[in-house]
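Chemist: So you can see what is in the structure, the chains are spelled out below.
There are 2 protein chains.
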Amino acid sequence: MERTLTKETVNKIGQKVHVMGWIDRLRDHGGVLFFDLWDRSGILQVVVKEIKGELHPQDVVSIMGEVKKRPAGTENKELSTGKVEIEAQEVEVISKAETLPFDMGGPDLNLELPTLLDWRALTLRHPKIASIFEVQEVVIDAFRKTLKDLGFAEFQAPIIVPATAEGGAEVFPVKYFEHTAYLGQSPQLYKQIMLGVFERVFTVTHAFRAEPSVTTRHLTEYISLDAEMSFIKSWEEIMDTVEHVVHKIINAVDTHCSEQLKMYNTTIPTAPQNFPRIKLKEAHDIIYKRTGRDNRSEPDLSPIDEEEICRWAKEEKGSDFVFITHYPVKKRPFYTYPDPHDKEFTLSFDLLGRGLEWVTGGQRLNDYKELIENIKRWGNNPKDFELYLQAFRFGMPPEGGFAMGAERVTMKILGLANIREASLFPRDMERVDIRLSSQKSKVKSKNGKKD
Amino acid sequence: MERTLTKETVNKIGQKVHVMGWIDRLRDHGGVLFFDLWDRSGILQVVVKEIKGELHPQDVVSIMGEVKKRPAGTENKELSTGKVEIEAQEVEVISKAETLPFDMGGPDLNLELPTLLDWRALTLRHPKIASIFEVQEVVIDAFRKTLKDLGFAEFQAPIIVPATAEGGAEVFPVKYFEHTAYLGQSPQLYKQIMLGVFERVFTVTHAFRAEPSVTTRHLTEYISLDAEMSFIKSWEEIMDTVEHVVHKIINAVDTHCSEQLKMYNTTIPTAPQNFPRIKLKEAHDIIYKRTGRDNRSEPDLSPIDEEEICRWAKEEKGSDFVFITHYPVKKRPFYTYPDPHDKEFTLSFDLLGRGLEWVTGGQRLNDYKELIENIKRWGNNPKDFELYLQAFRFGMPPEGGFAMGAERVTMKILGLANIREASLFPRDMERVDIRLSSQKSKVKSKNGKKD
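Chains as they are written, first to last, in our numbering: chain A, 18 to 468; chain B, 18 to 468.
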């Protein structure tokens with residue numbers, strides 16, 4: 018008999034069907050088994066009145082049975098199949114699951130982060146965990162579609178690079194035959210080269226930062242959504258584009274992920290048509306006035322300052338987003354365009370959203386000679402940037418671009434506490450799937466008791 | 018004045034417009050300059066009757082002028098703007114290009130491969146070179162769309178991995194803080210894990226092979242289009258899916274890339290609804306009969322055998338594609354499903370197209386204990402596959418999948434001689450953008466003369 022997907026059962030009341038999937042939320046109600054069967058289309062309640070053999074959570078089963086209307090008062094409004102259930106006539110276990118190391122059946126998976134990651138192949142199956150990556154897919158698709166609609170071409174940026182491009186951030190060396198290469202810290206130089214080929218480009222790629230610190234906001238490998246555009250009329254046009262892309266992303270999440278938002282008890286960020294745009298200096302002044310915290314000589318915002326300026330934007334401007342502009346030259350990479358009115362500052366910006374940086378961007382130097390000067394000034398050798406510099410030797414219009422980390426966007430939309438939760442297989446100083454110290458955690462739930 | 022894109026000029030005959038772009042194919046016809054202006058939308062012929070200052074190929078220019086119908090007999094049917102041209106009234110050079118190291122103005126860029134790559138930021142701008150990556154984008158988009166339509170979820174596979182998954186192929190080590198990690202040779206293990214989350218998954222990722230050889234078919238970094246599906250009825254279902262995806266890809270190229278196909282003087286491959294499916298043994302027999310070449314004891318097809326069996330498929334079955342199935346156990350990775358009828362062979366396949374492997378795939382072992390046995394049998398330690406094995410400890414239905422290299426597909430659709438031509442920034446033993454030996458090539462054209 019042909020397989021029926023669980024979501025299709027709502028149209029087959031009274032019919033005999035064949036469904037397959039994984040068992041979740043198994044309950045024994047006095048000799049009658051109830052469980053959720055999940056497949057790629059959704060979840061369906063299964064009732065087993067005659068039990069032969071044992072069933073376990075995460076068993077893979079093939080079921081023959083009849084689709085029935087649920088008894089009045091037992092419908093589940095949260096489920097698209099909530100008005101029906103299947104009464105199983107035959108249950109075949111296709112693949113048996115071992116006893117789970119913790120309970121997966123609740124609406125939340127109440128585990129500490131190390132446990133959540135030590136058992137990642139299992140914990141990802143929990144509907145609330147899986148939903149994070151449904152949102153992430155929608156975010157990436159919306160980024161891609163929005164830019165294609167604006168005439169941007171997608172390209173594939175290389176991961177292995179010959180030299181380190183971004184001053185400051187640490188890199189991972191790769192043993193490349195007899196040579197040393199590196200993992201790209203960003204596709205920056207390649208997207209700039211590609212402007213000479215397609216005028217406007219973007220890439221969905223992975224970027225790598227060997228930052229020797231453990232925070233709730235950093236991963237060593239992250240998904241970088243990178244765009245670059247030439248023939249800009251002004252550097253504000255880049256921020257206009259960021260606004261447009263962010264609007265499209267959060268609207269797509271609102272449209273396609275209402276269930277996931279509900280699971281996390283959240284709504285999409287408040288995004289007025291124009292996000293406030295303030296200079297870093299102004300941000301420091303505002304923070305000083307609001308809190309008495311005087312960081313006015315700092316070249317950047319600290320994490321608590323980022324949170325404070327977002328509170329200000331929400332309270333004063335009704336916006337969960339705020340652009341911070343004009344970072345000092347010394348805090349930005351060599352390719353950043355200096356502000357013609359004050360050469361110590363740059364035509365650069367960060368977009369903060371809900372207390373954290375979502376996007377970084379700005380106008381770039383497009384003059385060949387100025388770029389060479391800056392590469393030297395930053396202590397690098399122009400010979401190491403030969404291919405990149407070629408793009409500017411042979412005609413490059415005014416240009417700029419931006420990058421956003423898909424995990425940060427996902428984290429902030431859903432209100433996750435740690436960026437590792439927004440990465441399928443998060444990498445940090447201490448973990449690449451398994452813990453690098455090779456010490457396995459005991460299973461611990463969040464409230465500290467051992468299961 | 019607002020910018021007009023070149024392709025929009027066809028609707029503005031008689032109007033004054035502002036266009037911007039790069040100069041290509043600059044010709045001086047007795048004091049009147051003609052050139053192609055290209056922007057992201059296409060190409061437009063520009064006529065400059067009053068020349069002030071110098072213009073060069075690849076200069077970026079801003080032009081004010083009037084759109085005119087071209088004189089009768091001078092239309093260019095190959096161009097979407099071929100019925101019009103713009104008579105420039107003002108030409109402003111926005112960014113000046115240095116003198117080019119070779120002529121970029123012809124329909125072909127007649128350079129030897131090392132030169133093509135040494136000047137990659139420039140040579141990518143040639144319309145015929147750029148068109149390769151327009152085709153590649155269409156290939157990747159068609160792969161993505163086709164699988165989404167089939168209910169596959171897209172996920173992001175990690176690049177940095179803790180252990181080597183595929184026996185045989187060489188890996189690149191990464192210095193990961195105080196530890197050693199590796200670049201993923203394929204997203205195989207992760208896509209299998211993800212089946213437990215989304216039932217059907219795919220990823221567009223980069224894969225890395227440190228193969229110490231230089232061929233026309235291998236890159237050290239390549240774009241891997243990877244899919245995996247569970248609840249398969251039989252392993253043939255995987256081949257059915259490959260057929261469907263390949264049809265959709267080549268149809269998308271046919272629909273969206275007719276100009277690019279014309280530039281390469283080619284058409285899409287001949288693809289009957291069902292591609293021939295023959296066992297490796299049968300392929301060796303056919304080759305032996307046709308050529309007298311006796312490789313019947315070989316566990317694989319050599320490159321010339323791949324070409325020969327494709328000639329057979331074309332001549333005898335009218336197909337540019339042929340599945341070769343049932344590779345021996347010893348030639349396939351530990352996770353490959355053995356043929357129940359002959360345990361020395363596997364339920365695996367390669368899809369060859371136009372003489373080269375496009376796709377590799379097969380059914381996988383989904384039984385936890387068998388997997389552990391096989392990992393040991395292949396000389397690996399199950400502890401190194403802990404996360405992967407978790408997915409099978411907790412219920413995994415019968416499953417399989419496939420992978421295709423985007424560069425190979427692009428190469429074979431366009432008839433390129435070397436896979437490096439189908440990679441924006443090809444990496445091999447000898448090159449990561451710049452030559453690793455650091456010896457810069459002299460500019461050489463294909464017929465050997467120096468420019």
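Accuracy of the hints is not assured; some may be wrong.
The list cannot tell twin chains apart, which means a pair is met if one copy fits it or any two copies do.
As the list claims (entries may be wrong) - Restricting the straight-line Cα-Cα distance to at most 30 angstroms, the calculated cross-link-like pairs of lysine-lysine (DSSO-like) are: (1) Lys306 <-> Lys400; (2) Lys334 <-> Lys66; (3) Lys66 <-> Lys279; (4) Lys162 <-> Lys145; (5) Lys393 <-> Lys348; (6) Lys165 <-> Lys360; (7) Lys393 <-> Lys162; (8) Lys33 <-> Lys165; (9) Lys250 <-> Lys113; (10) Lys400 <-> Lys386; (11) Lys86 <-> Lys192.
Source of the hints: derived by calculation from the structure; they are not laboratory data.
Predicted model only: the values in this text are computed from it and were never measured.
Chemist: Which hints, by number, does the structure contradict?
Modeler: 1, 2, 3, 6, 7 and 11
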